[in-house]
Amino acid sequence: MAFIVATLLSVVESIADYNVCARLCHVPSPPLPAINRGIMVEGCMSMIAGFFGAGHATTTYSNNIGLIGITKVASRRVTQVFAIQLILCAIIGKFGAIFVTIPYPVLGGSAILSIGLFLGIVMSYMQYTDMNSPRNLAVVGVSILVGIMVPNWVKVNFEVIKTGSEGFDEFLIMLLTNPSFTGGFIGFVLDNTVKGTMKERGMDAWSLDESKSPDSESHYEEGVEIYEIPVLTKHLKKISWLKYLPVFPTFTSHSCQYL
688 MAFIVATLLS VVESIADYNV CARLCHVPSP PLPAINRGIM VEGCMSMIAG FFGAGHATTT
748 YSNNIGLIGI TKVASRRVTQ VFAIQLILCA IIGKFGAIFV TIPYPVLGGS AILSIGLFLG
808 IVMSYMQYTD MNSPRNLAVV GVSILVGIMV PNWVKVNFEV IKTGSEGFDE FLIMLLTNPS
868 FTGGFIGFVL DNTVKGTMKE RGMDAWSLDE SKSPDSESHY EEGVEIYEIP VLTKHLKKIS
928 WLKYLPVFPT FTSHSCQYL
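According to my numbering, the residues represented by the sequence shown are 688 to 946, in order.
It is worth saying that the hints were derived from the structure and are not from the lab.
Since the structure is predicted, the reported quantities are computational estimates derived from the model, not experimental observations.
Backbone N, C-alpha and C define an ideal beta-carbon position, used for all residues, glycine too.
Take these hints with a grain of salt, some might be off.
Unchecked claim - The calculated label-pair distances, taken between Cβ atoms and stated as ranges, are:
hint, residue 1, residue 2, range
1, Leu929, Leu859, 36 to 44 Å
2, Lys921, Lys886, 22 to 30 Å
3, Gly828, Leu859, 23 to 31 Å
4, Val698, Leu929, 20 to 28 Å
Using the sequences provided together with the hints, build the complete structure.
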């Protein structure tokens, strides 16, 4: 159960990271097939990491998205070269030692700037909700407060949680000490139970209709075709039944009604 919850949190975080990365790169938000494909690849890479004994899941990393905003470099080639560089650092100790010499204050400063920029971009999505509404202000405020307060309280008073099952106690402690889960869960419950209009909640702005997209009038440097699979997409379009599989670029949401 603990691993399932951790995986679900990772999926939710990845979906948010995909949209933030697209915003920083000045490209349209990823369509459903691209998001599904990204989650699928993360799952496959997590299995491979486990086979090699890495012991952790492969997922998105918010710091790297923040670096895009700092450096203004969003080229996929640069990211690919960076990945090769990290592999070399892991294999060749002397090569990795060069980066160890970077002073901690420099690393700390860059981390604060990159994560701060990332959080700023994430919070900018609140502009699509009515932030003059007391309902929305209460939902956001309570979610942030609970997300900060409850994990710290549980870390100090974890012995208070006694359900009679040691395993279930550890499971609850694991959940309640996670600020993302605690605040996110409270926000999810409140946003879906406290009465509010779709426009007030910002849901109209995120309609699947492209004309209602919050970024429909933005200047994009590339179109939605950026999410197609290089070389393979033109061949995949020739296979009609692939439109029913949600991980391929040929998938369309209305295809599901014919299944």
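Verify the CB-CB distance for valine 698 and leucine 929 against the hinted window 20 to 28 Å. The hinted range 20 to 28 Å holds for valine 698 and leucine 929, with Cβ atoms some 23 Å apart.
Is the gap between the beta carbons of glycine 828 and leucine 859 within 23 to 31 Å? 25 Å, holds
For lysine 921 and lysine 886, compare the CB-CB distance with the range 22 to 30 Å and indicate the outcome. At roughly 40 Å between Cβ atoms, lysine 886 and lysine 921 fall outside 22 to 30 Å, so the hint is violated.
Supplied distance hint 36 to 44 Å, evaluated on CB atoms of leucine 929 and leucine 859: Holds - the Cβ-Cβ distance for leucine 929 and leucine 859, about 43 Å, lies within 36 to 44 Å.
The earlier numbered hint that this structure contradicts is number 2, and it is the only one.
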